[in-house]
Structure formats: C-alpha cells, structure tokens
Amino acid sequence: MPLPRGGEVEGGGRRRIGGGDGDDDEAWRRWAVLVATVWIQALTGTNFDFSAYSSALKSSLGISQEALNYLATASDLGKALGWSSGLALLHMPLHGVLLVSAALGLAAYAAQYCCLVFLNPSSSLAIPYPLVFLVCLIAGCSICWFNTVCFVLCIRSFSASNRPLALSLSISFNGLSAAFYTLFANAFSPTSPSVYLLLNAILPLAASILALPAILLCHTHDSHLQSVPRYDRRVFLGLYILAFITGIYLVVFGSLNTTRAAAWVILTGAMVLLALPLIIPACSSCSYVDTHSIDSAHKPLLVGNHLQNESNAVMEKSMEQQLQGSNCGTILDKGRLVVLGEEHSAKRLIGCVDFWLYYTAYFCGATVGLVYSNNLGQIAQSLHQQSQLTMLLAVYSSFSFFGRLLSALPDFLHRKVTLARTGWLAAALVPMPMALFLMQKQQDGSTLAVGTALIGLSSGFIFAAAVSVTSELFGPNSIGVNHNILITNIPLGSLLYGQIAALVYDANGQRMRVTDNHTGMIDTMIVCMGVKCYSTTFFVWGCITLLGLASSIVLFIRTKPAYASTASRSTLNPRGKGWPERAEVTARRGGRGGGGGGERTGGSTQGRGGCRIVWFSPIPTKMGARPGPAHPA
Numbered sequence: 000m001p002l003p004r005g006g007e008v009e010g011g012g013r014r015r016i017g018g019g020d021g022d023d024d025e026a027w028r029r030w031a032v033l034v035a036t037v038w039i040q041a042l043t044g045t046n047f048d049f050s051a052y053s054s055a056l057k058s059s060l061g062i063s064q065e066a067l068n069y070l071a072t073a074s075d076l077g078k079a080l081g082w083s084s085g086l087a088l089l090h091m092p093l094h095g096v097l098l099v100s101a102a103l104g105l106a107a108y109a110a111q112y113c114c115l116v117f118l119n120p121s122s123s124l125a126i127p128y129p130l131v132f133l134v135c136l137i138a139g140c141s142i143c144w145f146n147t148v149c150f151v152l153c154i155r156s157f158s159a160s161n162r163p164l165a166l167s168l169s170i171s172f173n174g175l176s177a178a179f180y181t182l183f184a185n186a187f188s189p190t191s192p193s194v195y196l197l198l199n200a201i202l203p204l205a206a207s208i209l210a211l212p213a214i215l216l217c218h219t220h221d222s223h224l225q226s227v228p229r230y231d232r233r234v235f236l237g238l239y240i241l242a243f244i245t246g247i248y249l250v251v252f253g254s255l256n257t258t259r260a261a262a263w264v265i266l267t268g269a270m271v272l273l274a275l276p277l278i279i280p281a282c283s284s285c286s287y288v289d290t291h292s293i294d295s296a297h298k299p300l301l302v303g304n305h306l307q308n309e310s311n312a313v314m315e316k317s318m319e320q321q322l323q324g325s326n327c328g329t330i331l332d333k334g335r336l337v338v339l340g341e342e343h344s345a346k347r348l349i350g351c352v353d354f355w356l357y358y359t360a361y362f363c364g365a366t367v368g369l370v371y372s373n374n375l376g377q378i379a380q381s382l383h384q385q386s387q388l389t390m391l392l393a394v395y396s397s398f399s400f401f402g403r404l405l406s407a408l409p410d411f412l413h414r415k416v417t418l419a420r421t422g423w424l425a426a427a428l429v430p431m432p433m434a435l436f437l438m439q440k441q442q443d444g445s446t447l448a449v450g451t452a453l454i455g456l457s458s459g460f461i462f463a464a465a466v467s468v469t470s471e472l473f474g475p476n477s478i479g480v481n482h483n484i485l486i487t488n489i490p491l492g493s494l495l496y497g498q499i500a501a502l503v504y505d506a507n508g509q510r511m512r513v514t515d516n517h518t519g520m521i522d523t524m525i526v527c528m529g530v531k532c533y534s535t536t537f538f539v540w541g542c543i544t545l546l547g548l549a550s551s552i553v554l555f556i557r558t559k560p561a562y563a564s565t566a567s568r569s570t571l572n573p574r575g576k577g578w579p580e581r582a583e584v585t586a587r588r589g590g591r592g593g594g595g596g597g598e599r600t601g602g603s604t605q606g607r608g609g610c611r612i613v614w615f616s617p618i619p620t621k622m623g624a625r626p627g628p629a630h631p632a
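Heads up, the sequence shown is in numbering that gives the first Met the number 0, so the first residue is 0 and it goes up one at a time.
Keep in mind that the hints were calculated from the coordinates and are not lab data.
Do not take every clue at face value.
[Stated by the list, open to error] Lysine-lysine pairs mimicking DSSO-like chemistry, simulated, CA-CA at most 30 Å apart: (1) 346 x 559; (2) 531 x 57; (3) 440 x 531.
[What the hints assert, rightly or not] Each pair of labels, with its calculated beta carbon distance range: (4) 27 x 251: 28 to 34 Å; (5) 549 x 272: 37 to 43 Å; (6) 92 x 491: 29 to 35 Å.
We put the beta carbon where it would ideally sit given N, CA and C, even for glycine.
Required output: the full structure, derived from the provided sequences and hints.
See below:
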C-alpha cells in the first residue's frame with residue numbers, strides 16, 4: 000500500500016521524510032488557520048468593552064445601578080452555556096459553528112444597540128429588562144463558541160509539540176480586543192457610546208467571514224501531521240515577537256487623545272500588524288533547505304516485546320518511587336491520572352479528583368483576577384486615584400496580554416526546564432496572593448499599579464495556559480466540552496467574589512448624590528472613600544488565592560508521575576521533542592512481512608522481524624471519539 004505523500008519506508012522499517020509542493024501547501028494551510036484564529040480572537044472579546052457604553056445603556060433602559068451590574072454579570076453567565084459549543088461540534092462542521100457564533104453575537108448586540116439608540120424608558124416599544132438580560136446572556140455564550148472554534152482549529156492544525164504554542168498565541172490576542180475596539184470607536188465616532196455596540200455586532204461577523212476561507216482548508220483530523228518543518232519553532236518565535244510589538248503599539252497609541260485623522264492612521268497601523276503574521280512563515284521557510292522532521296506524536300517506533308516490557312517496568316517503578324517519596328499516602332495516589340491525553344467524557348470528568356483540583360485552582364486564582372479588574376474603577380475611586388483609572392486599566396490589560404504570551408514559555412524552554420505544565424500553573428499563581436496582601440497593607444497609587452500588574456500577569460498566564468492543561472490532562476478531542484465545563488467557575492466566581500466586595504463596600508460607604516460626567520445624569524448611590532473600603536476584601540481575596548495555590552500544588556504533585564512516565568517513554572524510545580498527547584505501543588512477533596521494506600497496513604507498518612511500527616495519532620477522525628491504539632487491518 001502506498002505511503003502518504005512526503006514520506007516512504009526504507010529498508011529495516013526506517014522512515015525517510017521527503018519534501019515537495021504538498022509539504023509547502025500543508026505548511027501554508029496551517030499558518031493560514033493560525034492567523035485566522037488570531038483575527039477571530041482579536042475581534043471577538045466583546046465583553047471587555049462593557050464599561051464604554053454601560054452608563055448610556057443604564058440611562059436608556061431607566062434601570063438602577065444594581066440592575067446594570069446584573070447585565071454585566073450576564074455576559075459571564077453566558078459562559079456557563081459554553082459547553083453547548085462542544086456538543087454542536089459533534090453534529091456540525093467547524094465553519095457552521097463559527098457562523099452560528101457570529102449570528103448569535105450579531106442578534107444580541109444589535110438588540111442592545113436598538114435599545115440604546117431608538118428606545119427610551121417611556122417608549123411603548125421599550126424592550127423588557129428580562130429580554131435585555133437574555134440577549135446579554137446570548138452575547139456571552141457566543142464568545143465561548145468563538146473560543147471553542149479557535150481551540151479546535153489549533154488542535155487540528157498543529158502537532159502535539161507545537162499545539163500549546165499555537166493555542167497560547169491565539170488566546171493572547173483575545174486580551175487585546177478592548178484596545179482594538181477603542182481604536183475602531185475613535186476612528187468612527189469617538190463621542191458616541193452606541194458605536195461600541197454596533198462594532199460588537201459587526202466586527203465578529205466580519206472577522207468570521209474573513210477567516211472562513213482558511214477554516215475551510217482545515218483538516219477534520221490530525222492524520223496529516225506526519226512531519227513537522229524544523230523551522231516551525233523559528234516561525235513561532237517570530238510570531239510571538241510580533242505579538243509583543245503589537246501589544247506595545249496598542250498600549251502606547253490606544254490611550255492617546257488624538258484627532259479623527261490620527262485615529263484612522265493608528266487603526267491602519269494596528270490592522271497592518273494583524274496582517275503581518277502571514278509574511279513571517281514565508282520568510283522563515285525560505286532560509287531552510289532541509290525543512291522536515293518527524294513529529295513527536297507521529298514518529299514510528301520499532302519495538303519488540305522485550306523493549307515494551309522494559310519500558311512499562313521502568314515507568315511503573317519510576318511512578319512508584321515518586322509516590323513513595325512524596326510521603327502523602329493515598330491522598331495523592333487515589334484516582335490520579337496515569338496517562339497524558341487520555342480522553343475524558345463529561346461524566347468521567349466530573350468524577351475525576353484531578354479535575355476538581357484543577358477547577359479549584361482556576362476558581363480561586365484566575366477568576367479572582369477577573370473580578371478584581373471588574374472592580375478596578377471603584378477601587379481607584381475609593382483611593383482617590385480616579386484620574387489614574389485609564390492608566391490602571393491599561394496596566395491590567397497589557398500585563399494580562401503579556402502573561403498570556405508568557406504561557407508559551409514552557410514550550411520554548413522545554414529542553415532546559417523539564418517542569419510539568421501543572422507546575423508552571425502553580426508557579427503562575429504565586430504573584431496573586433502576594434499582590435493582594437501587599438495592597439491590603441499599603442494602599443497608594445504606586446502600590447495599586449504594582450498590584451494590578453502582578454494580578455494581570457498571573458491571571459493572563461492562567462487564562463492562556465489552561466487550554467493546554469485541559470488538553471493534556473483530559474484529552475484533546477474532548478476539549479470543546481471539557482474546557483467549557485471548567486470555565487463555568489467564572490460566572491460563579493463573578494457572583495461570589497463580587498458580592499463579597501459589594502457587602503464590604505456598602506457596609507463602609509455613605510449614600511450620596513453623584514453626577515455622571517459623561518451623561519450628566521444624577522444618581523443616588525452608596526460611595527465609599529478610604530482604605531477601609533477594600534482592605535477586608537483584599538484580605539479575603541488573598542486567602543482565597545492561597546487556597547487556589549495549594550490546590551494547584553497538589554494537582555502538580557498528583558500529575559507529576561504522568562508527565563514523568565511520558566518523559567521516560569520518550570527517553571527509552573526517542574521520538575523528538577515535546578509532550579506526546581497519547582502514546583500506544585504495540586509489538587507482535589512472528590507476523591507477516593519479514594522482508595526489508597515493510598508494508599503499511601491499517602495505521603501501522605509491518606517491519607523486520609515481525610515487529611509492528613505504530614503510527615501515533617492523538618486525535619481520531621471524529622470529534623469526541625475516544626482514541627485508542629492503532630490496530631492491524
């Protein structure tokens with residue numbers, strides 16, 4: 000049976016990789032898909048610009064501040080329905096799910112735009128508040144659907160060794176959505192809050208249509224990932240440098256007060272930076288001649304029974320020694336993961352101890368940082384730092400973006416630092432309690448800026464790294480459902496931590512009449528001034544993040560043997576770099592085809608001496624199907 004294009008099996012069962020036009024087409028296909036996910040992520044973070052039009056929406060609907068806060072929470076509550084995108088992927092193609100996401104966002108934000116522009120509280124056509132709450136919920140759900148599409152695109156298009164780099168890069172740009180929308184608003188109508196709702200409805204749809212050709216080129220499974228160009232790492236390094244430059248550009252120019260013409264120039268520059276990733280892969284590939292190597296997740300193994308048994312024995316002994324050395328007894332042993340990338344159904348996921356440790360670490364870590372950013376306006380006001388609010392928001396946004404970029408550090412340093420990804424997750428949580436306890440002790444402008452930067456850096460790292468952790472621990476094919484189950488902690492944390500802050504704030508505040516500088520509207524609300532407003536909140540949040548840190552450390556200890564077993568297997572059977580998502584080794588003696596060339600049958604190749612070469616493929620053809628070892632035809 001002929002082998003796939005670009006490779007052949009030589010005598011003795013060895014595989015020789017060849018290049019050709021098909022390899023170049025394949026490279027451009029996956030880079031086009033990655034750039035498409037970057038565009039989608041950059042223009043679909045529509046929940047980050049709520050504060051830009053919230054006051055106008057409140058006036059148009061004639062609602063209280065408390066009711067407005069519920070609308071802000073509705074977007075987070077929409078993430079509780081994000082798991083539905085994983086189910087949709089089981090029955091719809093990727094481009095269909097993408098277009099449905101765009102349609103949901105278009106309908107939700109168009110309805111809010113109509114409320115703001117055409118309706119008022121006394122109008123007979125005024126939209127009921129429950130309906131507005133519902134459309135905010137749908138808008139939040141559409142964001143999760145967009146995210147799921149991008150996750151699956153990266154998983155299907157990149158090998159196991161490069162997949163985390165692709166995911167981190169794509170997710171990082173979601174943190175810059177607010178900056179991009181600000182540039183668009185300044186260029187079109189800088190004085191109209193309603194323009195943000197119009198942009199929220201149109202830009203995600205435009206990005207989806209623009210990305211559609213690349214998405215249609217995406218493979219439905221990863222069987223094409225048989226060889227990986229060696230310049231891939233260089234391309235990723237160039238893309239990350241370009242992303243860093245884009246972040247600096249938006250931070251510097253996005254906060255400037257400019258004329259309409261200057262705003263258009265700045266917006267054009269930002270769009271050019273978004274388009275540049277299409278050029279970097281071409282420049283890097285042209286400088287290499289020998290461009291391909293066998294990927295770690297697909298490189299064939301030629302093993303006999305004796306080598307397989309030796310491999311299993313070494314791994315089991317290594318795992319036993321690590322568990323005994325921990326002196327933690329059955330607490331760290333019971334129900335722990337043994338194999339990385341093993342598929343978990345939703346039912347199995349809920350019953351997994353490691354998942355709940357992971358859930359707690361996220362709930363008591365990154366979600367606290369998200370709630371902190373939502374309360375940053377009141378925090379700055381209470382400390383007489385209202386004039387610095389724009390700067391503080393820019394600090395949080397930029398450091399959150401840079402934290403997302405840093406989540407790729409484990410993949411760039413995997414040769415020098417062999418720490419499991421769950422260990423990096425625990426390390427990323429360390430700055431958050433430090434920042435909160437620091438602000439609880441000393442509340443001034445400089446401390447607030449430093450604390451905001453640390454919280455943004457920590458939460459941004461976790462947001463981006465969590466996708467790769469979910470894929471490694473619970474399987475790449477189930478990520479559409481499993482990761483959306485994980486982020487149900489965000490609306491729960493938003494309600495719980497926000498309520499804690501509100502209770503402390505109201506208990507120490509006074510009722511005052513306040514005039515909104517933008518709308519001129521006079522409102523009666525409770526205002527708290529001084530360090531007493533958030534000292535208790537910072538202390539409680541700090542204790543909660545300590546719980547998240549402890550949970551992440553336990554998760555790291557429990558999953559360390561699984562990562563170690565993968566490393567041991569990679570050492571015994573060298574297959575290149577990176578963490579394989581799932582590896583199955585089979586060997587059989589006395590089979591057919593004892594000749595030199597080898598015959599490719601049913602996902603494996605019969606080599607010399609009756610040993611069977613297994614082609615590793617962590618993602619099966621059908622989404623949601625549980626992968627297994629390759630069996631002979």
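>> Could you work out which of the previously given hints the structure breaks and list their numbers from low to high?
In response: Hint check: nothing fails, all pass.
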